[in-house]
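There are 2 protein chains.
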Amino acid sequence: MREVFHQSLEDVQARLVEIAELVTVAIDKATRAFGTSDVALAEEVIEADIVIDDKAIALDELAIEILARQQPVARDLRIVVSALRMSASLERMGDIAEHIAQLTRMRFPERAIPKGLKSTFTKMGELDVEVARKLTELLRTQDLALSDEIRNTDDALDDLHVSVFEKVLSDSWQGEASATVDATLASRYHERFADHAVSVAKKVSYLATGDWTTETDAISVVTEA
Amino acid sequence: MREVFHQSLEDVQARLVEIAELVTVAIDKATRAFGTSDVALAEEVIEADIVIDDKAIALDELAIEILARQQPVARDLRIVVSALRMSASLERMGDIAEHIAQLTRMRFPERAIPKGLKSTFTKMGELDVEVARKLTELLRTQDLALSDEIRNTDDALDDLHVSVFEKVLSDSWQGEASATVDATLASRYHERFADHAVSVAKKVSYLATGDWTTETDAISVVTEA
Numbered sequence: 000m001r002e003v004f005h006q007s008l009e010d011v012q013a014r015l016v017e018i019a020e021l022v023t024v025a026i027d028k029a030t031r032a033f034g035t036s037d038v039a040l041a042e043e044v045i046e047a048d049i050v051i052d053d054k055a056i057a058l059d060e061l062a063i064e065i066l067a068r069q070q071p072v073a074r075d076l077r078i079v080v081s082a083l084r085m086s087a088s089l090e091r092m093g094d095i096a097e098h099i100a101q102l103t104r105m106r107f108p109e110r111a112i113p114k115g116l117k118s119t120f121t122k123m124g125e126l127d128v129e130v131a132r133k134l135t136e137l138l139r140t141q142d143l144a145l146s147d148e149i150r151n152t153d154d155a156l157d158d159l160h161v162s163v164f165e166k167v168l169s170d171s172w173q174g175e176a177s178a179t180v181d182a183t184l185a186s187r188y189h190e191r192f193a194d195h196a197v198s199v200a201k202k203v204s205y206l207a208t209g210d211w212t213t214e215t216d217a218i219s220v221v222t223e224a
Numbered sequence: 000m001r002e003v004f005h006q007s008l009e010d011v012q013a014r015l016v017e018i019a020e021l022v023t024v025a026i027d028k029a030t031r032a033f034g035t036s037d038v039a040l041a042e043e044v045i046e047a048d049i050v051i052d053d054k055a056i057a058l059d060e061l062a063i064e065i066l067a068r069q070q071p072v073a074r075d076l077r078i079v080v081s082a083l084r085m086s087a088s089l090e091r092m093g094d095i096a097e098h099i100a101q102l103t104r105m106r107f108p109e110r111a112i113p114k115g116l117k118s119t120f121t122k123m124g125e126l127d128v129e130v131a132r133k134l135t136e137l138l139r140t141q142d143l144a145l146s147d148e149i150r151n152t153d154d155a156l157d158d159l160h161v162s163v164f165e166k167v168l169s170d171s172w173q174g175e176a177s178a179t180v181d182a183t184l185a186s187r188y189h190e191r192f193a194d195h196a197v198s199v200a201k202k203v204s205y206l207a208t209g210d211w212t213t214e215t216d217a218i219s220v221v222t223e224a
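Those sequence lines, one after another, are chains A and B.
Counted the way numbering that gives the first Met the number 0 counts, the first sequence spans residues 0 to 224.
Counted the way numbering that gives the first Met the number 0 counts, the second sequence spans residues 0 to 224.
To be clear, the hints were calculated from the coordinates, so they are not data collected in a lab.
Model, not experiment: these values are computed from the prediction.
Check the hints yourself; a few may be wrong.
Any copy will do: because identical chains look the same in the list, a pair fits if it lies in one copy or spans two.
[Said to hold, decoys possible] Calculated lysine to any residue pairs in the SDA-like style (CA-CA distance at most 20 angstroms, straight line):
#1 Lys-166 x Met-105
#2 Lys-114 x Asp-147
#3 Lys-122 x Leu-206
#4 Lys-117 x Leu-159
#5 Lys-114 x Ala-144
#6 Lys-54 x Arg-84
#7 Lys-117 x Phe-107
#8 Lys-122 x Val-16
#9 Lys-114 x Glu-175
Here chain A stands alone, though its shape is the one from the complex:
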């Protein structure tokens, strides 16, 4: 019985890693498409999001099945419950990558990246991809140093998000309303992507250390501009 249960938990972990890998591919393609107005690449992201959704649903079903059949307690129970929450965050990260792709497609053939913000958004895109890669590795290895790195990168993205608003609200901003809308939405998407990654990373840390206050942070301190 214990052997079956151990196998189930390994299955849960493997599925989390798989979903995180798909999210990494999605954000990589979405941010590249956004930067170069590549509508074909954007379409790939939009079409592939359903795969992320389906795998998240399958993981949820597995978690519920484990709860029903194996009735875990203590730490094992928290692992399974945490998997449900991580699945929801990862699925949301996939949605955000899709939103970035949809913005790209909507503006095509014009650029979705507003003039004067190209280097900022290029940087935000790179940081999002870095966050996704590190999150995948964290889920695979539980190396908590990666959790700290993800939080630092999230801080950098928060700063860039603020800088986008400063630019857009400055006297020198020459963008039309459409550029202002795109900058606002896109910046928010990039920033929220990392927020969700931090939420997942904090759960991994919490499971490893058993520190409940970390979990509290994960719920109450997701700030946005």
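Following the hints, put chain B in place on chain A, whose structure we already have.
For chain B alone, kept in the frame of chain A given last:
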């Protein structure tokens, strides 16, 4: 044992209703503050959000405790797992109300509602409050007619959200960049608030009917402009 368990499930339901009531108060105050630039009212919303967060955490802990001690199966298990997801959605709705309040406070003493969009945002605010009230009632009574009403109101909010963008991207839009940013963010907040309510309502329907496809919809079809 069964008696204890029944009491626990009633406790879960009561807590969901209580959180939904707090969310209703929050969105009512936030949208009124937004409409009248009432920074004192906005401050109330911002300060009270921690109460919603804390109650969501407490509900999650109760759910985990039920899973550990009473090891529910079948429908009872799905009720407890659904409560975890509903708690996350309700907590997010509270955050969105807080964001609307923060926008109001940030622009004070200027109006946060952009000129030319007052009636649109007044309507969106009213619909959000209606959605929150109906969701609270749905959680209290499981009257599935309310679930349909919430979805219809969400559709109306999606239409208003589209109309905000049409206005902001039209030739006649005279707003400065700050007004464009506020319109974009605020419209998204109002629209996302209802999306989360639909997600909760679909889970209530799913629990009542046992129809899994409804749950699939709840995960994969949360569309945004």
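Against the structure, the hints come out as follows:
no. : hint              : result
1   : Lys-166 x Met-105 : between (23 angstroms within a copy, 17 angstroms between copies)
2   : Lys-114 x Asp-147 : neither (33 angstroms within a copy, 43 angstroms between copies)
3   : Lys-122 x Leu-206 : neither (31 angstroms within a copy, 44 angstroms between copies)
4   : Lys-117 x Leu-159 : within (12 angstroms within a copy, 31 angstroms between copies)
5   : Lys-114 x Ala-144 : neither (37 angstroms within a copy, 48 angstroms between copies)
6   : Lys-54 x Arg-84   : both (14 angstroms within a copy, 17 angstroms between copies)
7   : Lys-117 x Phe-107 : within (16 angstroms within a copy, 31 angstroms between copies)
8   : Lys-122 x Val-16  : neither (25 angstroms within a copy, 43 angstroms between copies)
9   : Lys-114 x Glu-175 : both (10 angstroms within a copy, 17 angstroms between copies)
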